[in-house]
Amino acid sequence: MKPASDLILKMPIKDFAKKKVCDGHLFVPGREGRKFYVMKPGMYLDASFLKKHAKLNTVFDFIPVTDEEVVTDFLKLFKELKYLHFEKDLRMKSGEIVQRFQEVYAGGEHLLSFVLACHQEFCGVSEEYLSKMHETDLHLFRKSIYAAAIAIVIGISNDFYHYSMLKDFYNLTFALDIGLCDKDYSYFVAQACNEENKRPGSGKAWLVAQRASQSEINVFLSHPEKSHGFLKSHAHLLSYPELAEIALYQHELSSGSGFPRGIAKGQISSWEAVVMLADSFFEILDQYNFEENFLDYVAQFENEKLTSLPIGKVYRRFCKTLKYFHELSGVG
Amino acid sequence: MENIKRALAILNLAGDLSSEMDLYFSSKSISVSRPEDELKEWSHILVRDEQDFEALNKQYNILSKKIKIISLKSVADLKGFIAHNGQLIFDELWFQSSMADFILDKFFQEFAGVALTDNYPTFEEKGSFNITNPFSTGEYLDRVVYHAFEADMSGLSVKTFFDHLIMYLAGLKTKNKIGMPIEVTYGVYNEAFGVQLHFFTQTLQLKDVTSSLSNNITKVPEEYLLNIAIQSSDFFDFTYLEQVNKAVITALWTKDKKFKLENRGLMFSSLSSSAALTSLPTEGETSFLIQNSINQDMSDKINLPTESQESESDVIDKFTASIEMDEIQKLISGDLEDEAFSQMVSGMIDSSVATQTIAGASENLDDVVNIVKGKMEEQDDFIHHIPGEKFDVDKFAYRIAADASNKGRKDDIMKVKSLGNGLSENLKKGLFDFAAKLNKSVDDLTEKDMMRFKDKEIPEILKQQAVQARRQELMDKVKAELQQKLKNEFEGGTPGEIEAIREILKKTIKETLVENGADSAESTSDKPVDKELEKKYKMAMMEAEQLKTKVKTLMSEVRIQKEAKAQMVEAHERARQASMSSELSAPLEINDAGKSQIMEKITAKSFTEDDVAKLKVMMDKDKQTMELIKQEGIRAKKIQLEAIQKETFFAQELEKNQREIKAKDLLLLKAKEVATKIMEKKEAELTDLKVKLEQASKVLASGNSQALALQLRDLEKQNMNQNKMLEMYKNKITSLSTSLESNKSDDGNFKEEARKLQMLNTQMKNQIDISKRETQKIQDRSTADATLILSMKTEKVKLEQLLKKAAQDAPKEQATILQLETELKKSMSQAQIFEGQVKDAVTRVKDLEQKLVEAAKHQKAQATGDEGSKVKVTQLENSLKKLTQDLLESRNQMAEMKKETNKLRQEKTAMQNQIDKYKKDAEKTAKAAPSTAGGSSADAMPKKPGGKAA
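So the sequences go chain by chain: W and H. Each step along the first sequence adds one to the number in the numbering used here, with nothing skipped, and position 23 is 23. Each step along the second sequence adds one to the number in the numbering used here, with nothing skipped, and position 243 is 575.
No lab work stands behind these hints: they were computed from the structure. Positions of the beta carbon are idealized from the N, C-alpha and C atoms, including for glycine. Be aware that a few hints might be false.
To be verified - No more than 30 Å apart at the CA atoms, straight line, and that leaves these computed lysine-lysine pairs for DSS-like:
#1 LYS232(W) with LYS20(W)
#2 LYS507(H) with LYS183(W)
#3 LYS232(W) with LYS507(H)
#4 LYS1062(H) with LYS10(W)
#5 LYS35(W) with LYS1014(H)
#6 LYS40(W) with LYS183(W)
#7 LYS10(W) with LYS1004(H)
Claimed, not checked - Sample of chain H residues facing chain W (criterion: CB under 10 Å; computed from the structure):
#8 GLY445
#9 SER460
#10 THR464
#11 ASN465
#12 GLU471
#13 TYR472
#14 HIS530
#15 MET630
#16 ILE634
#17 LEU636
#18 GLU992
Claimed, not checked - Reference listing, derived: stretches of chain H covered by chain W, where coverage requires no fewer than 3 residues with Cβ under 8 Å from a Cβ of chain W:
#19 501-515
#20 571-583
Construct all of the structure, not just a fragment, from the sequences and the given hints.
What follows is the structure in structure tokens.
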């Protein structure tokens, strides 16, 4: 594990009380100066963890990866966007957000700063479900929080400037994998999701080849519908409740052979593609190599996913927008 | 695209189809039958001019059989049409455009998509945007309209369509029938322009569509919003995609002016699952976010209808093209005199035509007056207006007059003012003619004259203008009808048929003119001529009122010209005085004196040949000057335009540079901040080090060097030890890292092993289940055995009682009974042993189950752990071994138990047999006992009456 910086802070547990997401590398000091790595940046700080260490009055060794200034900057921009009404103003403010994103991440900043700002501003999913995701898989929450944040930038790049629409994109992308929270969820289901992400349409075949149980296959195949059910029953999360349908499209393919519906080509709208693209950037993994050079990762993303998923147009717009602001800012 | 998805059968109630339509159906293998044909199952019905769709439904069960109606003509009752499964209105005129095959393919093959390029694959997408707020679409719409105008389409129709449709959709949103956002894509294909919108909808019903299709414009716009949107497009397509709950609305426009309101197309379809086609690459992939907004004024694309617009540019096809326009005009003039023609249309003057004709001249005086630059020396070539001759408007327009305002500043440059182009030519001409009538020049007209002109002449001019417009309209009508008739009569148009065509032409023209003449006669016969004239006069007066301002403009212009002329004359005079001394350079060169002579001759009307030559020279020179002035004017305009363009370009560049500077400033600021932070950090480190150094120097300075030396030695020793330790740990770390790497390489194998272990675990689980079932069976059997033993015990007790009795009654049988008793005891003890064995088996099974459960738990706990860890894998392997051993043991135990159970069963059956046997024996003995022991009873006495007593 490579620490983000050499700065190691002593952080008492009480300092974590207000945090919901771990914003750095967290170690518990052991005997003889040894350290035990307990948490990665972007993981959920659940109540039981905090309670346990509050009893022990633990003082953690902490390596921060985020920049408080960047987080505040983005929060300010989001707040300003919230109270705008005219298309031109909205577009200009959205442009500022993308430009700031471009400037910050061209400089090798950790992606988590933007992610935290988005989570703080847009997340409407209750604590209960957040901890449920964390309990299901330590990396599921982390994957969702990253994907949801990127959905904001992709949304803006594709001419969705309204605050309410961006908020919906965030919560939709975040809740896409909430259907995986099942008692039959296992390591194999997570791997199947990752396989599906790498090679769209291969998830089920991978599970069958690994002789996974039927219940595991069911968890994998039914999670879009379960997520859709969750969003339907939590309509307050969305300003446009009909957008809950998007959860059903997350594993549809350009060929019409995806699941659960097998929707024919040409019927996926751009708002669905925004969420699909954001989701396809991240896997349920222990470590993301692109956390500190996200823009390079985006530029190199062109692979078979783009031909298999109906996201080509949205992706190209996203890249063009980032490139445009890159050229505009003169960074790099 | 060439293959139709399923066999289609069309019932043709539309009569004869066009050759293109026939060709389309035959090329797609679609069978078209007539009502009299045998086939009674149709997928579509073709109609033309059908309005009673209810009757059609009754006759052919359209709704129950889900037959789709296609109308080849526009439908008046759109509501009824759609309500009776009317899905396509397609005029055969569409075959003359490139869109016909697409539309029909789309309809019959049922393909659709949410993007324009999916729905109409040959379209090249020009752009797209999303609507979240229906009341904030102005900028997007401007862009669409701009693209429409750029493609030479009617941007106004696009604007009308979009505005009304968006408001209709807003109404549906209020009713919770549709969801936001709405995605809009637009593009072009050949001569067609398309706009497509799509959105979520789950509960949209037919009545939601039909309720907004009213033909009447009422005070409630919601009733006709959709109708206006439909009417604004050349082709309107409404498709509902059931699979994704989305509705797609497409509107198409074509450049072709053949398409009128009555040829408008319409398609309503609901697709359960649609096919999709490969689309062309698109242009519109750039986000709106990074596009520059379009602020271009496209007002010049909006032309209000005028008579000139409806003239020659209209419909002329290959037949009419061969006929000269003059021929038609001759035909018309040959049949009817101008006056008669004028009377014929007198009742039909369209006031709006006149209004619009004059409305073009509404510019300000500043716009009317064109300014060009000229030089003072050219004032010699002043044009003199010759009264009595026809006034040349163009020459008048550029008549030169020196501008007094510029005179002082730049003596060699003067401004030239003229009449604008905006004022109607007829009115200008009329004014000049009027002046000529009064033997005056226009400049000399008084206010009174102008009032007379306004009151009398203008209405007359307008009347003549209207007559001309009507004549043009009639000519167009004749042409259109002629074209239609020729089309119906002739297909090829070979040269041999030209005579026949000419005949038809003449006939049609006569018929049309007579028809129109009759109409007008009827209309004029109803009203007296005076009234008609009065009406016309009133209309003209109204127009004249509107023209008042124009006349005022004209008057002020005349005034300006008068002033200019006076100034010119003055300048001229001064110039003449200045050049009084100079001589003539050439014999034909005309000086002012010569000019005045010529002027005198003109007034006296006594011209010589020399005078004519001089005049010619004068005129030529004037012309040249005019040309020069014109060119100068054009050049000035060009320079002005270039300057504007450069200015905008520079402004853009400036803005761009400013942005770059801003971005660089930001970067610099950030870099500065970072640098200052680093500097601060370094400074802090430096101060720390300084403090430490000072402390160390203080300690050194304080003496006690021996103690320090000792401490130093100790520290060195410690350091050595630490170094050794460090090396040792380094070695350890390298060995660990190598092992870790090897572990990593084996990671795949471990995973495979883990997978196998998982499989074994599931197999074991299954075996545990099987063993549980078997145990359950054994338990059941053992309980059955226990009940049997109990029953046997009770029987034994009974038998003992019987034996006791028997023993009492028959002492001879004691030996056998004793034997039986011992055997019974044996069986009892065997039964007890059997019971004990069963109990042992049950406890063993329970233990085994417990072990298996523990093992399963252990296995599960291991499975959830980190697969990557080798330690855990080895643990798993060990636990697996343990489990397999346990399993083997349990299997053996099970086998033993089974054997024992079988043995016990056998013993039990043997016992049962023995017991049965004993029972029988016991019964036998019981039966035998009364005959011997009971013989002493009184029952035996009668058998031996004469016997001896014992």
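Now the hints, each set against the structure:
no.	hint	in the structure
1	LYS232(W) with LYS20(W)	holds (25 Å)
2	LYS507(H) with LYS183(W)	violated (41 Å)
3	LYS232(W) with LYS507(H)	holds (20 Å)
4	LYS1062(H) with LYS10(W)	holds (27 Å)
5	LYS35(W) with LYS1014(H)	holds (28 Å)
6	LYS40(W) with LYS183(W)	holds (25 Å)
7	LYS10(W) with LYS1004(H)	holds (29 Å)
8	GLY445	holds (3 Å)
9	SER460	holds (8 Å)
10	THR464	holds (5 Å)
11	ASN465	holds (7 Å)
12	GLU471	holds (6 Å)
13	TYR472	holds (8 Å)
14	HIS530	holds (7 Å)
15	MET630	violated (19 Å)
16	ILE634	violated (24 Å)
17	LEU636	violated (31 Å)
18	GLU992	holds (6 Å)
19	501-515	holds (count 4)
20	571-583	holds (count 5)
The structure fails to meet hints 2, 15, 16, 17 from the earlier list, while all remaining hints are met.
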